[in-house]
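In order, the protein sequences belong to chains L and F.
Numbered per the working numbering, the first sequence spans residues 1 to 362.
Numbered per the working numbering, the second sequence spans residues 363 to 752.
No lab work stands behind these hints, which were simulated from the structure alone.
Note that the structure is a prediction, hence the values are computed from the model and not measured.
The beta-carbon is built from N, C-alpha and C at its ideal position, and this holds for glycine as well.
Any given hint might turn out to be false.
[Said to hold, decoys possible] Part of the chain F face toward chain L, derived, beta carbon under 10 Å:
#, residue
1, L668
2, V732
3, R735
4, N738
5, A739
[Unchecked claim] Computed beta-carbon distance windows for the label pairs:
#, chain 1, residue 1, chain 2, residue 2, range
6, L, D79, F, N738, 17 to 25 Å
7, F, M363, L, E166, 29 to 37 Å
8, L, A255, F, K470, 32 to 40 Å
9, L, G26, F, S395, 42 to 50 Å
[Unchecked claim] Not the full set, but computed from the structure, chain F residues with beta-carbon under 8 Å of chain L:
#, residue
10, I463
11, E665
12, S666
13, L673
14, G675
15, I728
Residue strings, one per chain:
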Amino acid sequence: MSARALVAMSGGVDSSVAAALLREQGYDVVGIAMRLAPESAGSIARRRSTCCSHDDFEDARRVAERLDFPFYVVDLRADFAHRVIDNFVTEYLAGRTPNPCVRCNLEIKFDRLWERARAIDAAFVATGHYARIVRTAEGRFGLARARDLAKDQSYFLFTLGQAELERTLFPLGAMTKREVRDYARRLGLRNADKAESQEICFVPDGDYARFVERAAGPVSPRAGNVVDDAGRPLGRHRGIHHFTVGQRRGLGIAASAPFYVRELRAASSEVVVAPREALASRGLVASDVRLVSPDMMIGGSIPIEAKIRYRHPALDATLTMLAADRAEVRFNAAGPAVSPGQACVFYRRDEMLGGGFIERAL
Amino acid sequence: MRIYLDHNASSPLRPEVREAYGDLTELAGNPASIHRSGQRARRALEAAREHIAALISADPRDIVFTSGGTEANNLAIFGTAAATPARRKIVSSAVEHSSVIEPLNALKERGFEVVMLPVDRDGRIIPGGALEAIDNRTALVTLGVANAETGALQELAPLADAIRNCGAMFHIDAAQALGRIPLSVATLGCDLMTLSAHKLGGPAGIGALYVRDAACLASSILGGPQERGLRAGTPNLAGAIGFGIAAETVAQTLADESARVAGLSERLLARLFEMVPGLILNGPRHDRLPSTLGLTFPGVLGESLLLALDLEGVEVSMGSACAAGSVEPSHVLLAMGRTEAEARSSLRLSLGWSTTAAEIDRAAEIIARVWRRVANAEPARRAPIAEASR
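Please take these sequences and the hints and turn them into a complete structure.
Below is the structure:
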């Protein structure tokens, strides 16, 4: 009997093609779509569409039917609200800039979904992520950037360790997005030309500040002062959750040179701004660090390239492990503004070494 | 070979119905037409009505065809509320089907007083509480005779006198009970009774409401005099014929079949109790539909177990089919005082006319094996199992 692979399907073209490829390779594919995002409040029509009717997963359902493999929708909304959304809100309230997609991979896809995989005796969990799982000469598993560098999603996967990588499949790692779309078209998948989803799934309108306010209710951030480095007030703001370190727009202050957000102070509700030069950082401290191959010595240093945001180019840096799950990253040249809460992911050429959550800038 | 244990969601079409569908010459006309084809269609419709009426010892003239149990419940509730505007109170229970609960919620928003009777740990209405709630402001008492999720049977006949004395209407939702236990509208003393075809091996999309006195009910679908003016529109003739044949078949076999199904579900339950330590039967041990086993499986999510069972060829459900798509745990189990975690660990196994002893033996073995695997796959929830097996 062929190995069973649980494929996380969103209805998008990537996960559909991932499922199709595995089916072609002879895996016993079981498709699972996860209900994660809560329905928008007050939307009765959407709430009522949950049973026996057309839903967001119709495309995934069709793919499963067409390729003749079982498909199910599992309800992980409670877990998602608890483990991803709550964290998202708390982080914003603390003046940090969270990355919920990383959290979701960590807490939902490679945790809750893994439980479901074991429950159905699946040897593998597969997703449509663009990243490659490689095997080193010593027999360890590694994670490498996707062949299509423009689509590379290894940044979101730094939380995967040896145990996870051994049982995970990323069928799209060696394909370009174009090849994936062509493949989908050849298969006659209706979603071949479907638009990419860009926004965070539970904030479809992209208005994070309003989302945070609704979720936080009475503990929503208060208005406060926009101050300069010396603490001199330059203006007022509507709450620190409207800002991210490095942000320039929406500061509402008149100044001769452009100001950028340098720091968010939750306790005093202050947004500290400074001219661009002052934002340059020398590095950062990351916590909750995970390494793909956890064999780096504490105190040991290695040269890496660090990605401090998904869409930022990697920066040459030196990584020093401060503790088993804490690291210091020093940029070789002055780096851009660092946003606490975001993930910092370590690379060496194509190889992804691991990563952590940015605690503070250096 | 797949083992279908979800008869409470929908029972497979009986061979007798399938056979009759091969030759539906009656379908050539509209039962309301005057010509011969119309007359033949009408005869077929009335024959079906007679078979259905016979199953609940009712007068065929009191059977109103609807599109199913849900519409029948809606007609009973909204129809009574509209026909008796002076009475603004409705009594029901916490364990009813959503096609009762949602119309009641709608009436509550229109200012009706809705009393939801609590149930005991077995999901049974406490008769004293019911009698207390019924008074001369009550327009309607609407209760299910057999629960879809647990199979619990309610003692409803003793309420009939009190309801009649208060001048209220008495509606019984018998969608799950029809064809599974003997029913008589006279014995139960009800004014209205909801019936559904596909729970007894007839087609989906057809049901009926027994209406003792049409004057007590207002129609919500207008547009023709069909079904005594209570349900306008050309009747679903093919559906009605299928319903009629299923009813006729069931009438001939009811006693034997329910004894056989009861034996099979007892056997399944005994095997599962043996192999799944800590298993809990939801609802009363006796006084239950012979077909239904509501079970709480220790240490697993019902959703995970259901999915894993489906991959092994055993088809069960998490509860009422329409509640299954929602995130909320079963309102029936919560009303019975069960915790949310218990409710989420529960599945419904429902047997029926097509279930065989061989299937039951195989199903028991598969369920126990898959339960063990799923329980071990979810380490966060493993604790209760270790406890249960001690």
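To see whether the hints hold, each was checked on the structure:
Interface hint at L668 of chain F: satisfied, since its Cβ lies 9 Å from the closest Cβ of chain L, which is below the 10 Å cut-off. Interface hint at V732 of chain F: satisfied, since its Cβ lies 8 Å from the closest Cβ of chain L, which is below the 10 Å cut-off. The beta carbon of R735 of chain F is positioned within 10 Å of a beta carbon in chain L (closest approach about 6 Å), and the interface hint is therefore held. Taking 10 Å as the C-beta cut-off, the interface hint given for N738 of chain F holds, the closest approach to chain L being about 7 Å.
Hint status for A739 of chain F: holds, given a least beta-carbon distance of 3 Å to chain L, under 10 Å. Separated by about 19 Å at the C-beta atoms, D79 of chain L and N738 of chain F satisfy the suggested range of 17 to 25 Å. M363 of chain F and E166 of chain L have their C-beta atoms about 35 Å apart, which keeps the hinted 29 to 37 Å range intact. For A255 of chain L paired with K470 of chain F, a C-beta distance near 58 Å fails the hint of 32 to 40 Å.
Distance hint for G26 of chain L and S395 of chain F: a CB-CB separation of about 59 Å, inconsistent with the stated range 42 to 50 Å. Annotation: interface hint on I463 of chain F violated; nearest CB of chain L at approximately 14 Å, more than 8 Å. For E665 of chain F, the interface hint holds, since its Cβ comes within 8 Å of a Cβ in chain L; the closest pair sits about 6 Å apart. Residue-level restraint check for S666 of chain F holds (minimum Cβ-Cβ distance to chain L is 4 Å; threshold 8 Å).
Below 8 Å, beta-carbon pairs count as interface contacts, and L673 of chain F has one with chain L at about 5 Å; its hint therefore holds. A least Cβ separation of about 11 Å between G675 of chain F and chain L goes past the 8 Å threshold, and the interface hint is therefore violated. The criterion of a C-beta within 8 Å of any C-beta in chain L is not met by I728 of chain F, whose closest approach is roughly 13 Å, and the hint is violated.
The structure shown violates the earlier hints numbered 8, 9, 10, 14 and 15.
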